[in-house]
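All chains, full assembly: derive it from the sequences and hints.
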Amino acid sequence: MVKLEFLSMPAMPTVPMIAQLTAQRFKLSEEHVKQAMLEREALGSTVVAQGISIPHVELANIKTQGLFLIKDKQQLALVLI
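Residue numbers for the sequence shown follow our numbering, so the first one is 440 and each next one is one higher.
Since the hints were made in silico from the structure, they are not lab data. Mixed in with the good hints there might be a few duds.
No more than 35 Å apart at the CA atoms, straight line, and that leaves these computed lysine-lysine pairs for DSBU-like [stated by the list, open to error]:
#	residue 1	residue 2
1	473	512
2	510	466
3	473	502
4	473	510
5	502	466
6	512	502
7	466	512
As structure tokens, this is what we get:
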């Protein structure tokens with residue numbers, strides 16, 4: 440199963456906030472997702488152009504894969520799980 444969701448926010452959330460949103464939507468451990476996202480960002484930025492990022496993590500043993508798009512007035516993040 441793939442889950443898709445679109446979120447419009449007044450400001451772009453931080454990595455810990457994105458991890459929390461991801462954990463809630465995919466029924467995962469928030470700490471596990473946050474740690475995976477921070478480890479991924481430590482390898483290199485997921486920003487692909489000014490105002491556009493693609494935060495993504497690979498997590499073992501998940502039942503649902505998906506993505507969600509987060510946008511504010513000036514930025515866009517496509518979160519891949």
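Verification of the hints:
1. For the suggested pair residue 473 and residue 512, the alpha carbons sit about 25 Å apart, so the restraint of at most 35 Å is met.
2. Our distance criterion of 35 Å between C-alpha atoms is met by residue 510 and residue 466, whose separation comes to about 22 Å.
3. Under the criterion of a C-alpha separation no larger than 35 Å, the hint pairing residue 473 with residue 502 is consistent with the structure, at around 18 Å.
4. Under the criterion of a C-alpha separation no larger than 35 Å, the hint pairing residue 473 with residue 510 is consistent with the structure, at around 20 Å.
5. Between residue 502 and residue 466 the CA atoms are separated by roughly 9 Å; this keeps the pair inside 35 Å, and the hint holds.
6. For the proposed pair residue 512 and residue 502, the alpha carbon gap of about 33 Å is at most 35 Å, so the pair holds.
7. With a CA separation close to 28 Å, the supplied pair residue 466 and residue 512 stays within the 35 Å bound.
In this structure, none of the earlier numbered hints is contradicted; all agree with it.
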